[in-house]
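Chemist: In case you want the letters, here they are:
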Amino acid sequence: MGLPNAIGDLSTEVEVEAFRRLFPLRFYEKHLSESIRPDARPLGRARDTTIALGAVASANGSALAKIGSTTMLAAIKMEVMTPSMETPDEGCIAIDFHMPPICSPIVRPGRPAEAAPVVSKQLSDTILSSGMINLKELSLVSGKAAWMAYLDIYCLDADGALFDTALLSAVAAFSHLDIPEVSLNDDGKIVLLSEEQEGMSDRESVNKEKRKVTLSSVPFSLTCILHKNYILADPTAEEESIMETLVTVVLDSSSQLVSLYKPGGPVLAYTSAIQDCIALTRQRAKELQKILDEAISGMEVD
Amino acid sequence: MEYVSPEGLRLDGRRPMEMRQLRAEIGTVAKADGSAVFEMGNTKVIAAVYGPREVQNRSQQISDQALVRCEYSMANFSTGDRLRKPKGDRRSTEISLVIRQTMEACILTHLMPRSQIDIFVQVLQADGGTRSACINAATLALADAGIPMRDIVTSCSAGYLNSAPLLDLNYIEDSAGGPDVTVAILPKLDKVTLLQMDAKLPVDIFENVMGLAIEGCKAVSNYIKEVLLGNTKQLEYRRGL
Amino acid sequence: MAAKPGSVPTTYPPNPGPKTRPPIFKDNDLDWVRPDGRGFHQCRPAFFRTGAVNSASGSAYAEFGNTKVIVSVFGPRESKKAMMYSDTGRLNCNVSYTTFATPVRGQGSDHKEFSSMLHKSLEGAIMLETFPKTTVDVFALVLESGGSDLPVVISCASLALADAGIMMYDLVAAVSVSCLGKNLVIDPILEEESYQDGSLMLTCMPSRYEVTQLTFTGEWSTPDINEAMQLCLDACDKLGKVMRSCLKEAASASQE
Amino acid sequence: MVGLSVGEKHFIQGGIAQDLRSDGRKRLTYRPIYVETGVIPQAHGSARVRLGATDVIASVKAELGKPSALQSDKGKIAIYVDCSPTAAPVFEGRGGEELSTELSIALQRCLLGGKSGAGAGIDPSSLVVVEGKVCWDLYIDGLVISSDGNLLDALAAAIKAALSNTGIPKVDLAAETTGDEQPEVNISDEEFLQFDTSGIPVIVTLTRVGRHYIVDATSEEESQMSSAVSISVNRKGHICGLTKRGGAGLDPSIILDMISVAKHVSEQLTIKLDSEIAAAEASEEES
Amino acid sequence: MEVDREDGRTQNQLRPLACSRNILHRAHGSASWSQGDTKVLAAVYGPKAGTKKNENPEKACIEVIWKPKTGQTGKQEKEYEMILKRTLLSICILTVNPNTTTSIIIQVVNDDGALLPSAINAACLALVDAGIPMKHLAIAICCVAKSGYVILDPTKLEEQQKMKAFAYLVFPNSVHSVLPEGSLSVQGEPIEHGIITSVTHGTMSVDDYFYCLDRGRAASVKLSDFLRRSLQQHSTDSSKAG
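Quick note, the sequences are listed as chains E, B, R, F and Z, same order. Quick note on numbering: the UniProt record's numbering labels position 268 of the first sequence as 268, and the sequence is numbered without any gaps. Quick note on numbering: the UniProt record's numbering labels position 171 of the second sequence as 171, and the sequence is numbered without any gaps. Quick note on numbering: the UniProt record's numbering labels position 201 of the third sequence as 201, and the sequence is numbered without any gaps. Quick note on numbering: the UniProt record's numbering labels position 185 of the fourth sequence as 185, and the sequence is numbered without any gaps. Quick note on numbering: the UniProt record's numbering labels position 192 of the fifth sequence as 192, and the sequence is numbered without any gaps.
These are computed hints drawn from the structure, not numbers from a lab. Every residue, glycine too, gets a C-beta built ideally from N, C-alpha and C. There may be inaccurate statements among the hints.
Unchecked claim - Here are some chain R residues pointing at chain F (derived, C-beta under 8 Å): (1) TYR209; (2) PHE216; (3) TRP220.
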C-alpha cells in the first residue's frame, strides 16, 4: 500500500490547488469525510437560487434562473397553428434546449453539445407528462386555431445541474406568460387586438378570459450525486465530472413522482439511497416553490 | 415527343451522327499550373490543374505514386432554372469520382510519388454531356500543366432515341430518359477507360451506340490534338524558337 | 420552404396584418421625436458588466435599451483543427441569436456576417503575437435584439477580452448611425433601422484615436460623411469611458 | 496562400514607395480591364470581366415573384458570389465559403443601398409589375474563375456590365383580377426592358501598404497590406458604401483622405468601364 | 386484482423471449434480442485504438450509435444513446483496455414497446459475444404502474395509453462469484438489489415506484436466468464446434 501513502505525504507538501487538480477524487473524498464540500456547502444543501421574471421583452413570457453560477434563460413565444384532427381543442408546446458556445468551453460553434438534445428531450418529457399545463387552455377556436407555445431555453453558463436549472427557468417562464389578446379577422386568421384598434374595431377578442395559463401541479427537480455512501445534492460541473453517478428526481406539488432518472453510472442505487434522494427533493421542492412565489409576487408589486 | 424529324434532323438541327461545335482554349486561369475551357455546343466547362505539389493532408500521402484529386462544381447560373445547390451533393460527388478515376488511369502517377495533383472542373453552362466535356477539359488542362500522361483521354456520349442512335446528346435529348452511353478512350492506345450507361438497351444496339460514341471520342481527340499543337506552336513562337 | 420532416404544424405569429409603412417623419420635420424619446444625437444609456459567465476565461454582458448581449471569451487555448503553425495567435469569432431575440421567432442560427465583422473589428486591437500557436475564441449571443446589435456586440466583446486578460492595444468601442431622410440618428433602435435610408457603423480605439472598422450603406455625400463620422467618434469616446469605468469597478471590487 | 521571400516583399514595398509597382504601374493605375458581355446565353444578362489575371463572371436572372409584405412597391434583388476552386485550391469544398459570403455581403452593401432602398444602384421599385402582387426578383450571381487580387472591384464591374446587358421580358397583365387572387400575366418574348445602369456605382479598393495606398492590388501586393478600404462611388460622386478589411487601425483623417482619392479614381474608372461595356455590347451585336 | 391485457397475459407475465449471438460476421460481436414483437440488433466493434476528444484516455471509452427503424436520428435517439452509453460504461471493466474505444451499434428492427430495455439486453449480449471484459451483466425491464398495480413488459399499445406511468429499470444480474459471500453486498443488500439505470415517464406516486422496483427486481431474476442459459448454451455449442 505504498501509493496511497505517497499521495498522502504529497498532500501535505503540494498546494491545495495543485492537489485538487492532480487528485480530484481524493480531494473530494477528504472533504466528504468531513461532511463538507469544497464550496463550503453541507452535502445535502443546494446552491443559492434566484429567479428573475420578464428578462426578455420580445417574448410573451420569460425568466432567468440561476442555481449557483449555472444560468438559464427561458422565453416563450406564442404563435398560432391549426390544431390536429385528433385533438381539435388543444394547443401545443414545443420545447427546445440550447447550449450556445458561450456557456461552456467544451461547446464549439457548429457542433452542438452532446448534452443539449438529451436535456431537451428530458425537459419536454417532464413538462408534458407532469400535466402542469392543460393543453386545452391553449385552444382559441376549436378545430380552427390554437396556440403553439415555443419554449426555448438557453444555457448561458453551465456549471452543473443543467436539468434542474432549465426546468426551474421553464416553470418560471410559464408562470410569467402573458397571452396576448387576439381576435379572428375576416381571412380566418388570428390577429393581435392592439389597443388603438379596440375602439373602432368591432372584432371581438376570442380569449378575453384566457390570458394566463393555470399551472396545476408544478414540477421541481433535484439532481444528486451518489458516491460511495454519500449523497451530494445539486452538484457543480466539477463534481459531476469527478463522481459520475447522477440521480435526478422530479416531484410535482402534490409530491407525486414525475421522473426518477438515473442513467447508468458506476454506483448502484439501493432503495434506501433512492428514498433519501426523494426526501431531499421534497425539501428542495418546497424551497423552490417559495422562491418562485416570491419572484411572482415581486412582479405583481411593480 | 419526336426527337428525330422525318427528314432525319434533330431538335437543334443536327444529323443523328453529328457532333456539336467544339471549342477549346488553353490557359484561361493564369494562376493555375494548367487550365483550359472546353465547349461542346452550349455546354461550357473550365478545368484547372494545380500540381504536382506537396500533399496538403499528410495522411493521404501515397509513398509510391501521386495522389490525384478532383472536384466538380456547377455555377449557380449554369442550368436553365436558377438553383442554389449545396456543395458536394450526390451527383457532383459521383461525377467528381468518375473524372478522378478516368484521369488517374492515364496520368503516370508512379513518376511523382508523394505528391498531389488537383483537378478542379467548373461547369459554366450545362446543356447535356457535362461529364464528357469535363473529361476533355481536364485532359487539356493536364497537358497544359505538363503532367506526364500515357495518352490524352477524350470522351463523348451517345444515346438511342426514336430507334435511332444519336451522337453527343444535348440537355433536352438527355432528359428524354432514353439510354445514354458515355465513353472515354485513350485514342492512341485504342482503349476504353470509361464506359457508363444508365438505361436498358439490347446488346446489339448497345454495341452500335457505343461504336458511335467511340467515333465521337476519336473526333474529339483529333480536335484536341489540333488545339494542343496550335498552343505548342504559339509557345514556340513566343519563346522565339 | 420545404416542410421539415416530422409532423411539426406550420405556425404564424399573430401580427396585426401587413403594416403599411408609416412615415416616421416627413422631410425637414425637425419636431419629430424618436420612438423612445431620445434626441437625434443621444445614445441609449449603456450598461456593462464583466464576469457574467463563470465557466469562460472572460465574459461581459451589455444592455443598451432592449438590446441585450452576452459575450464569452475562451482561451488562449489549443487551436481546434490541425492547423498550420503560426507564430501569431488566432482569433475566432462567432455571433448567434436566440430564437426569441427578434420580434418574429427566428431559427437561432449563427450570424456569419456579424461573425466576420466582429473578427475584423477586433483583430486590429488584440496583440496576437502574445499568444502564438493558440486560439482565442470570442462567442457572442444576442439575447434580445433591439437595434444596433452589431456595435453592442463589438463593444461588449472587447470588454470580455479585457476581462479574460487578453493583451490589447486599447478597448474597442463601436457606434452606428442611421440616416433617415436628411437626419442622422445615433444608436438607432430596431424600428429606426428598418426604415433607414443609409447607415454607418464605426468601431474605434478611443484612446489611440484609430478606426478599426468602418462600414457604410446607402448614399452619402462628403459633408454627411464628415458629420456622421465625427458624431460616431465622439460617441465612441464617451462609450469608451463608460467601458473603462466598468472595468475599473470590477477590478476594485475584486481587490476588496 | 502567397508565399513570398523577404527580398520579394521588400521589392514590392519599395516599388510602391517609389510609385513604380512591380508590373510597371503607378500607385493609382488600374490594370487594363477587358469586358465581354452575353457570355451566358441562358441568363437574362451576363458579363465576364478580366483585370489582369483576375477573371470573374456575373450573371443576372430574373424570376417573377411576390413582393414582401413590408415593401409592397419594391422588387427584390439578391447578390450571391461563389469562388470556384479553379481560382485557388483553397476554395475546394467549403473552403471558399467564407470569402464568398464576405464578398456577397460587401457587394450587397455597396450596390443595394440602405434598408429603405435609398441609394441603390438599381431602383427596386422599377421591378414591380403589380404593386403588392407581382414583381421581378433579380438574382445576381458572381463566379470567381481566376483570382489575382482585387476581386471586389472586378465583381462590381462585372455586375454593372451584366446589368447593362440584361433585358427583362415585358410583362402584360392578362386580365383584371380582384381581391387576393394572384393576377395572371403574359410574359412577352419579344419586347425586353433595359435597366438604367448609370446609377450603379463602381467599387474602388484602396489597399494600404506601408504608408501609401494603391488601387487594384494583385494578390502579391494584397499579401503585404495592412488594411484595405473598399469604397463604392456612383456617378454623382456620392459614396454608396464602404467596407474595411484588414485589422490595423486607421486615423479618421486618413480614411477621409482615402475617400477623396477614391472619388477621383472612380471618375476615370467609370468612364473606362462605360466605354468597355459599350464596346463589348457592340461586338456582341455584331457577332 | 386481475387486469385484462390485450394479449391475454397476466400482469407479471413477460412476452416470449428470444435471442441469438454471433449473427453478423464482420462485427467483433453481435446479438439480436426480441421480446414479443420488439426486436433489436446490436453489433460491437472494437476495442479500437484511441479515445475521442473530451474522453478520459486512461480508461476505455464506449460509443453508442442508435439507428432507428425508419427516419433520422433525433432527440429521442440521442437520449437513448446517452442512457445506453452510461449504462454499459457502468458494467464494463474500463481499466483493462485504456485509451481504446468500443463502438456499439443498435439497430431497431421492430418496436412494440419496451424498446430501450430490449436494446440494453441486446447490447449486453453483444458485448459478451465480442469478449469485452465486464463486471456483470445488466438486465433491463419495463414496468407500467397504474394506481396500485404493476404490469411488466408492456406492448407499444399499453405504453401509449395515456395517464399511465412507466419505468425502465436496469438491474445487475446475480453474480456467481468466487469471492467470499458478502463481499459483493453493500450495506447488507445483495448487489442485484441495486439499480443501474432508472428512466421513468409519466406521473406516479412514490409508493408505486417502489412497487415497480420490487416487481421489476423479481422479474429480472427470470430474465437473468434466461440470459445466462442462452449464453452457456452458446459457449458449449462453440466449444463443441471448436
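Chemist: Does PHE216(R) hold up as a contact with chain F if the rule is Cβ-Cβ below 8 Å?
Modeler: holds (4 Å)
Chemist: Holds or violated: is there a CB of chain F closer than 8 Å to the CB of TRP220(R)?
Modeler: At 5 Å from the nearest chain F Cβ, TRP220(R) passes the 8 Å test, so the hint holds.
Chemist: Double-check TYR209(R) for me: the hint is only fine if its C-beta lies closer than 8 Å to a C-beta in chain F.
Modeler: holds (7 Å)
Comparing the model with each earlier hint shows no violations; every hint is respected.
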